[in-house]
Amino acid sequence: MTQDRKTFVAWLQAAPMMLVFALFFLLPLLFVTIVSAWDYNEYEMIPAFSLRGYTDTFEGCIADLPNLCTILKTYLNTLKLCLLTWGLTLLIGFTVAYFLAFHVRSKTWQIVLTLLCTIPFWTSNVIRMIAWIPLLGRNGLVNRGLEGAGLIKQPLEWLLFSEFSVVLALVHLFTFFMVVPIFNSMIRIDKRLIEAAYDAGASGWQTLVNVIIPLTKPGIVIGSIFVITIVMGDFVTIGVMGGQQIASAGKIIESRLNALQFPAAAANAVILLGVTILIISALTRIVDIRKEL
Amino acid sequence: MSERRPRSFYLLAAFFSAYVLFLYGPMFAIYILSFQGPDGGLTFPMNGVSLVWFGKVFSGSGIVDIGAAFKRSLQLGLVVMVLTVVLSVSAGLAFRRSFRGATLLFYVAIASLIMPSIITSLGIALEFRLLDDFIIKSGAANWTTAMGLFTSGLGAHLTWTLPFGLLIMFAIFNRFDGRLEEAARDLGATPWQTFRHVVLPIILPSVVGIGLFGFTLSWDELARSSQTIGSVNTLPLDLQGLTTTVTKPDIYALGTLTSAVSFLVIFSALVVILVLQARQRRHGSDAGKGMV
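Here the protein sequences come in this chain order: F and X.
Sequence positions in the first sequence follow our numbering and run 121 to 413.
Sequence positions in the second sequence follow our numbering and run -4 to 287.
Simulated from the structure, these hints should not be mistaken for laboratory data.
Among the hints, a few may not be true.
Partial chain X-side listing against chain F, Cβ under 8 Å, derived [claimed, not checked]:
| id | residue |
| --- | --- |
| 1 | V15 |
| 2 | L37 |
| 3 | L121 |
| 4 | T154 |
| 5 | Q272 |
Since the structure is predicted, the reported quantities are computational estimates derived from the model, not experimental observations.
For every residue, glycine included, the Cβ atom is placed at its ideal position computed from N, Cα and C.
Just chain F, same shape as in the assembly:
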């Protein structure tokens, strides 16, 4: 076969996937951008240029100074949830991946334990959220246990439908996204490097900080990107676990959609996308700068 024909065949093989992404990902993104600059009334969008979607979103942001307007408050709150979830998933994900990569010695056990962490990922997120209700509710296991032990007199109200339960559920659902890329980076580390550090007299802690963490950085960044983008756009977990009472960047879009204000929803989507891209590029930059040093 000639080279030309080979590349043509390769192109044909990739074409169906390209088509799906073009129709259901790139084109929709384009429409989001366009519609974000359209006008709208109570029940429909009007294809005429208007920045109403944006101005409505930032309404009162200047007038209310020095108090924060709704949108800024919501974004700050989303960022707070995001940071909490990120920190916890990183800590737990790193420790779990470290155990799997460096302490589990047989290949079979490594596969079995990795699978054990993966199986919940293949089951429903909603069910894994609902699963916290019998544990954290007013009459749940935790409150009963604490009452039984005499530690509290009244059931704790902040266990469920609160920011606590939102972060708990997010960590529960998405630590997997940290474990996989970090584990992937770790098993690629040449074991002789660790032995060399050991031979040179490094303590276990020094090896971890000076050898393993720098070499695991790509995995940490990939995992962080996953977790941060998921939490920034989340509206399902925050909705269900927050009892539909906690505002977030994703939930603004959802409520605008429920009100059929498509341009406003699209404008919020563009803002969310911008913030997300900003965080991702900052994240990749931090790592690159360190690589330069």
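Guided by the hints, dock chain X onto chain F, whose structure is given.
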């Protein structure tokens, strides 16, 4: 390194066990509670043991038409699974050679994976709304909508499953020995024969893995479906809706049934993968066994 396990091993093993308990504990709590007695509530203790709540789910009393949602999710999951496997394997093969737009396709797939789901969902919803408006303006007066389970819904699910499929294909071909194909070609096999009799049997266990991802991710998908499914609901959407209204354990029974399907699929896929791998070991190579 010493043969004895260091103390850190036991600490980390305890941490890992706690993590696994954290992962599975709550899930098993609702599986147990779904067998709650007829007078039981949403929390422990169990008030007797019964199948009442499963009966309620099947008879549909109290809950919206769950049977139909179950069937819709199953059909959609199967279609998504087949398309994810076919498109991923096909594109995975393409990436072994260079073609125009290879880098672009890779970055688009990654972007699709990490794009906040609500944005993708909103975009597809807008696209179909504009399409509907266009069709109606073009004169089809009684046109309702192009949005539906197997148009916009299917597309939304594929933007989520295809990136996983493609990444798995990369992992497969990273450790694939290209000399096997060369040998097949040298023996006169056509490209199709090479694929069918050499490449496919070797990658088959991982292809089953792609199918597993395709089905389970679709079966449980919620955020991207939320705006794109049209007038009907998938099972996860119904489940989410029920979280705010239902105060009886029938929601647990439904959760247990949904998980049972997931576990059945996961278990069958893993068994198929193990069987295929065992077969490969048996039939794999006769190198060094002499001419027979």
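Here is how each hint holds up against the structure:
A distance limit of 8 Å between C-beta atoms decides the matter here; for V15(X) the minimum to chain F is near 6 Å, and the interface restraint holds. Annotation: interface hint on L37(X) holds; nearest CB of chain F at approximately 6 Å, less than 8 Å. Checking L121(X) against chain F by beta carbon gives a least distance of about 4 Å; that is within 8 Å, so the hint holds. At about 5 Å, the closest approach between the beta carbon of T154(X) and any beta carbon in chain F falls short of 8 Å, and the interface hint on this residue holds.
At its closest, the beta carbon of Q272(X) sits 11 Å from a beta carbon of chain F; the interface hint therefore is violated under the 8 Å criterion.
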